[in-house]
Structure formats: structure tokens, C-alpha cells
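A.B. asks: This is what each chain is made of:
Protein chains: 2
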Amino acid sequence: MLSDEILQSLIVRNDRKIVLIVADGLGGLPRDLDGKTELETAAKPNLDSLAAKSICGMTVPISPGITPGSGPSHLALFGYDPVKYQIGRGVLEALGIGLAMTPQDLAARANFATRDGQGVITDRRAGRIPTERNMDLCRLLQEAIPSIGDVEVIIRHGKEHRFVVIFRGEGLSGGLPDTDPQKEGLMPVIPSALFDDMAKTVRVVTEFTERANKALAGQSPANTILLRGLAKHPDVPSMAERFGLRAAAIAAYPMYKGLAKLVGMTELETGQTIEEEFETLRLYYRDFDFFYLHVKKTDSHGEDGNFSAKAQVISELDGCLPAATKLEPDVIAFTSDHSTPAKLKGHSWHPNPFLLHSQFALFGGVDEFTERNCARGGLGIFPAVEAMPLMLAHAQKLAKFGA
Amino acid sequence: MLSDEILQSLIVRNDRKIVLIVADGLGGLPRDLDGKTELETAAKPNLDSLAAKSICGMTVPISPGITPGSGPSHLALFGYDPVKYQIGRGVLEALGIGLAMTPQDLAARANFATRDGQGVITDRRAGRIPTERNMDLCRLLQEAIPSIGDVEVIIRHGKEHRFVVIFRGEGLSGGLPDTDPQKEGLMPVIPSALFDDMAKTVRVVTEFTERANKALAGQSPANTILLRGLAKHPDVPSMAERFGLRAAAIAAYPMYKGLAKLVGMTELETGQTIEEEFETLRLYYRDFDFFYLHVKKTDSHGEDGNFSAKAQVISELDGCLPAATKLEPDVIAFTSDHSTPAKLKGHSWHPNPFLLHSQFALFGGVDEFTERNCARGGLGIFPAVEAMPLMLAHAQKLAKFGA
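First to last, the protein sequences are chains Y and V. Residue 9 is where the first sequence starts when you use the working numbering, and the numbers rise one by one after that. Residue 9 is where the second sequence starts when you use the working numbering, and the numbers rise one by one after that.
Wrong hints could be hidden among the right ones.
The list makes no distinction among identical chains, and a pair is therefore deemed to hold if it is satisfied within one copy or across any two copies.
[Claimed, not checked] For lysine to any residue, the following SDA-like pairs were computed, each having C-alpha atoms within a straight-line distance of at most 20 Å:
{"#": "1", "residue 1": "K25", "residue 2": "L335"}
{"#": "2", "residue 1": "K351", "residue 2": "P189"}
{"#": "3", "residue 1": "K25", "residue 2": "F390"}
{"#": "4", "residue 1": "K92", "residue 2": "I14"}
{"#": "5", "residue 1": "K167", "residue 2": "P262"}
{"#": "6", "residue 1": "K269", "residue 2": "P72"}
{"#": "7", "residue 1": "K92", "residue 2": "Q16"}
{"#": "8", "residue 1": "K92", "residue 2": "E13"}
{"#": "9", "residue 1": "K44", "residue 2": "N314"}
{"#": "10", "residue 1": "K61", "residue 2": "L335"}
{"#": "11", "residue 1": "K61", "residue 2": "A383"}
{"#": "12", "residue 1": "K191", "residue 2": "G388"}
{"#": "13", "residue 1": "K208", "residue 2": "G373"}
{"#": "14", "residue 1": "K269", "residue 2": "M109"}
{"#": "15", "residue 1": "K408", "residue 2": "L352"}
{"#": "16", "residue 1": "K61", "residue 2": "R384"}
Bear in mind the hints are in silico, worked out from the structure with no lab data behind them.
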């Protein structure tokens, strides 16, 4: 991999268009029934015929054997070294729901949760309360805790039991462990400072939790809160700076909008269905030269262990694909950020099937877009962070290195 | 590759079991007769059927084109960057024959050898004298050279012509070239200091050789000694520290026992046959969660250029394989540290066939466990040092990286 500086020095700006479609958690594992993966099970004539005209391979999100979170795995696909740019989930959630962050800010993802009389967490998600209830509770919390000392507190609801807290003030630091104990039946984790300069952050987080417990005392089931991914805003150069791209994001979920904003993409308003996302691509097609289109439900069904629902989403996505191909972008890349096999009910380390379609791609040999076929494709098995230089090259956006 | 620190931060301790079987020097080259390699020639029904249910690939021990010694190639398989952790062969031999080393110690492998009246080496192995003779000569040397100035000298016999010397004292350093000229018909290499701080070491090694020559003057054929792999004990974190593993080694040869001890594995007592090694695995199976089982003879026959003997050892090993698979470890990896093609009569740079069996492996496409089939496997061609993260991942011993 070339250094960021050298890569940046080779950038050529032109109007050629790149469409990157990310089917979240796409890669899977064989089911017992017939030894087929989700992707091998789905009907996907459009993807298969696109694969036959594309160069294929497998991307390794971070490093072999490493299971990535959505943050690092997306950054890698966007061409950012995921080890160099480590980003707290709190930051991503905050960006995703439209909270602008300043360099002072410390962000956290938060859950409404249920605790018993002893303070033991009995439900980490407070029974997945409806979003409307969440909105009411966030208003209640915001009124009860407008600030902690000189630190401003900004609370914004998410979906179901999820919300975001931003602590805005001098001298806050990231890196504090989650207060979420990760399992029911345990007490919340009490914040403690690893380093001297975390003392203020520990005080603020501790007081926030105590005051939230008081404010929620009468509520049920959402009578406490848990904090996760406490992090400050990292300094990430934009895709415009790094790759000369006018980049736009089409994503329905906050987390992915947040990721896209972090690298300076313009967020395009879209709907909740895959079809609406492709319609958004069509609507804005003239206005940008890089599109990131994110499909979430492949991952969600994988996380739920629902093999056939995941296969069905793949088929649904396949049906939408012609809406992108008929725009005739110079480059279409279709892949995933990480695998989420239904068998594992969670993210996994397995590489992701990847296809790149372009008139300059040396295609051939892969007739079906599956994990096992892509593993034998012309791109081989390669680090996800190298997908971006490959897309740029096929869109003729990279100059020669050396004379 | 993730840094050691990040990888270590992701470690999850659980009871899942990993069995790593290393057939030393396994990879080969086609013979003229029929264009088949040793592995392609061997009858190995068990390995082939295991490969069909495993994900396969090829490991590159160090870097493409680089022929490794046994030390670096094993360290890579154990998950240690072989360039970061460079370990002298003297250290490995010393550890292997049970000599405890201190940080002061400088260790060397030594050979009894034959020299003529001019001091030219006529036999680097003194006709491979019997081990009993070696024991007598080592006693003789130890009596003649108990110390050199303030440096204590510890001599311990090995097999045939091999022994180990430890120089114990202040101010010794590693990195001195071997006195062994590597070829018969040459004079021994005279030690000389590359850096100022090596002067004492040069004096000690020079005096040791001179006094050994005097003490052995009346002996034949073992009338001199050659030193190799002069090295200090490196500071290597254990597999328990790095990977949270309770690791055990099943190896018949000193060198490999030494390597295993170096990374903190427990050495299990075993016999000299492959069958006995697998019986040892069965006996201790409950007590550890990582097993390294080393088979030496594939390499020995490769070194001797004995193609069919090497193929026969592969078949013998194949016959023992069910003793491991019927234990149903969560992960079985079968591979080699490096290739030793009979055609080359020595270690080589060729990648090693690798298979990983686990319920979470995306198997398929490789029906025969051979070099050429594994090269088309789902893992592709990858650095050997990444085998450990892959084994850990498939045993679910690695947490998610990032949110």
C-alpha cells in the first residue's frame, strides 16, 4: 500500500463516476441443509451477470482473522487505513443523527436500560421501547441535565432504546471504558481513570449516570442508561482532499450517514427501502462523481441468524441493481464492509466478495457472485483499503507513479 | 497485519481447542518421473478428505523468495513476526536440550569436526561420531575449559557430532559470524568484531576454539570444533501473554522443543514415532487449549533428497490423522514451517500448503491436499504469521476490532 501522501499526489480530477454499493454483512457461511451460503442461495441474476463482466476478488477488512466493527470496515472501503483512523462509535452515532461536533466534544452512544432494586442491569435495551417513548425520555433527561459543571450536555434520541449524548466542554478525553456491562445480570461498569487527564471525564460521566438514574427513577422499563463508545471527534481528511472526489452518501441508518460525513461525503436524503436508495442515486447522479450506497438489511438479518431473510434481501437488492447499471457509471463496485454469517449471528472475520465493473477491468472466470467464486477471481484476496485505489484507477483518476 | 498490541487487546480466553500439526519441510517440487511432488505422490486419504471440509491456502513463511531456517519459520506459524524476533540457533539448541539460559548467556551450537595438519576442515561433522563418543568428548572439553577469564563455560552434548556451548558472563554479545566455514576444504572462520562492544566476545570465542583444539589434539576424527548461531537469549513474550493460550508442544527433536519453550509452551513428554506423538495429544488433550504437534521426518528425508521416503512419511502421518480429528478440536490446522523439496535437498522459499478445519471455515474447492490445490484455496497465499490470528478467529478467541 502506498502512503496516503503519495496516493494523494497522484490524484487526477475528472468527471468519471464511481458507484460503490455496500451490502452490509453480505458474506456468509454454508448452512447445514445444502452446504450453501446466503449468497449462494439467493436468486441474483443481475449480480451474476455483472460479475461475469467484472473483475472479482475478496477483500480482507482489517487483517486476516480480525472481525471488524462497522466503523473500521467502512473506513477501509473508503480508502482510510482503519488502524490509523480509529473512531469511537459515539462519534459515529452523533454524526449520523445530524449532531455537528466540535473538537471539544466527547460523544457517547447511550441505551435506555432496565435495572433492578440492587442496580443490576436486567435488560440492556429496556425492552426496546418505541422511538416515541425514547423521544419523551430524552426530553426529560435533557431538562434534568442541561449541564454538568462547565460542561454542556446535549442529548438526542435515536431509534428504539438508543440515544446519543454529547458532553461539550474543556478538558474531556476519550478512551473511557463503556459503562454498559455487555451482559444482563451484571452491574454497570463504574468509570475509572486510566490516566490522570481522564479525571474530569470520569467525574462528568459518573454524575451524568447518577442524575439520569434520579430523573428516570419513576420510569419503567427505562429506569437507567448505559453509555458506550465514549470518544472524541478524530481529525479525518475528507475524500475531496484525499481523492479529489465529490462524494455523496445514500444510507438510511444513522451510523452509516455518520461514517460518510466523517470523510466529508454529502448526505443525500433517501427513503428506507433499497428501491428508494437506488432512486436517490438516479436523482443525484449528475451532481457527484462518487456514490456510496449502503444496504443495511443483509447485516441485520445476519445478526438475527435469519438465513433466508438475508438471502431474500440479496435478491431484492439484485432486482434494484439495473437501476444503477443503466446509469452506466465508469466504475461500479459491489461488495460488503464485513461478513455477517447467519450461522454466527454477528460480524465475522471472513473476507468479502468484491466485484469491480469498468471498461478497463480484466474480467473473466467468475460467473456467479459468491464467496467461493470471488476467492478465485482476478483480484485475489486483498486488503479492503486497496479497493479505493482500484476504483480510482479504473475511473482514470490516478496519474502515473514515477517517470 | 495488526500490531502485536492491538491483536493482544482483542484476545478472548475460552476453552476452545486448537491443534496445529506441522509436517516439517512438507512442501516439495515435481520429480522428473511423473511431474508429481512428494505430497502429490503420497497416499493420504485422510488429509484429502479433511482438506475437502477445510479452508485451504498457502503460507509464505517470511516473504516471497526467502528461504527460512526452522527458527523464523516456526515463530511465524506461532504468530510471532520472524523479523522482529530473530533468534539464534544456539539459543534454540540450548533450550531444546534443557539448558536454562540467563539474559547474560551467549549460546552456540557446536559440531565436532575434523581438520588436517594445516587446519583445513576436512569433515564438518567428524564422520557423525556416535552420541556416546560425543558425551565422552564433551566431558573432556568441559574439564579442559571450565571458564575463560570471568566467563563460565557450560558444555552439553547433543546427538551424534552436535553439542551446545553456553558462555555465561558480563559483556558478551550476539551477532558474531559462525566459525563453521559451511563447506569442507576451507579454514574455519576467524572471529572478528563488527562493533567495539564485541571485542570481549571475540576474545572468548577465539580462546575457546584454541583451547578446544589443544584438548582434542590426540583425538580422531573429532580433533576440532566449529561454532554456529552464536546468540543471546531474546526477550519473547509467551503465547499465554500474547494470545491467552494454554499451549503445549509435542515434538521429538531438541530444536523444536526449544522453539516451543521459547514462546512459553509446555513441553509434553512423547516418543520418537508419529504414532506416539498423536497418542501424547490424546493423553493431554483435556489439559491445554493449543497443541503444536511437530513431525520431523518429512524434512529429514527432504534434506537427504529421498523423495519416496518423504512421501512415505506423509502417508504414515496421514494414517495417524484420525487420532487427532476424532478428538474434534474446534480448529485443526495442518501445514508446514517451510518447504524442503527432495529436489533441492534443503529448505526452500516455496510457500506451504495450509488447511484449516473448523465449523466456521468457508470450505470448498480443494479435494486434494497438495501444493497446487492449496494455491487455489479460499485463503489464497498469505503470510505464515497470519495463520495464528486465523486459528484464533475460527476458535472464536478474538473480539471485534472497533465499533
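A.B. asks: Decide, hint by hint, whether the structure agrees.
C.D. replies: Hint-by-hint comparison with the structure:
1. K25 to L335: This pair counts as within: shortest intra-copy Cα distance 10 Å, inter-copy 51 Å.
2. K351 to P189: So K351 and P189 fail the 20 Å test inside a copy (24 Å) and across (58 Å) alike.
3. K25 to F390: This pair counts as neither: shortest intra-copy Cα distance 23 Å, inter-copy 29 Å.
4. K92 to I14: both (16 Å within a copy, 12 Å between copies)
5. K167 to P262: Classified as within; 9 Å inside a copy, 61 Å across copies.
6. K269 to P72: Answer is neither: 28 Å inside a copy and 26 Å across each miss the 20 Å cutoff.
7. K92 to Q16: So K92 and Q16 pass the 20 Å test inside a copy (16 Å) and across (17 Å) alike.
8. K92 to E13: Both: 14 Å inside a chain and 14 Å across chains, each within 20 Å.
9. K44 to N314: within (14 Å within a copy, 43 Å between copies)
10. K61 to L335: Close inside one copy (16 Å), not across copies (42 Å); limit 20 Å.
11. K61 to A383: So K61 and A383 pass the 20 Å test inside a copy (16 Å) and across (16 Å) alike.
12. K191 to G388: Neither: 38 Å inside a copy, 37 Å across copies.
13. K208 to G373: For K208 and G373, the Cα distance exceeds 20 Å both inside one copy (58 Å) and across copies (57 Å).
14. K269 to M109: within (11 Å within a copy, 51 Å between copies)
15. K408 to L352: Between. Shortest inter-copy distance 13 Å satisfies the 20 Å Cα cut-off; intra-copy 43 Å does not.
16. K61 to R384: Both ways: K61 and R384 sit 15 Å apart in one copy and 18 Å across, limit 20 Å.
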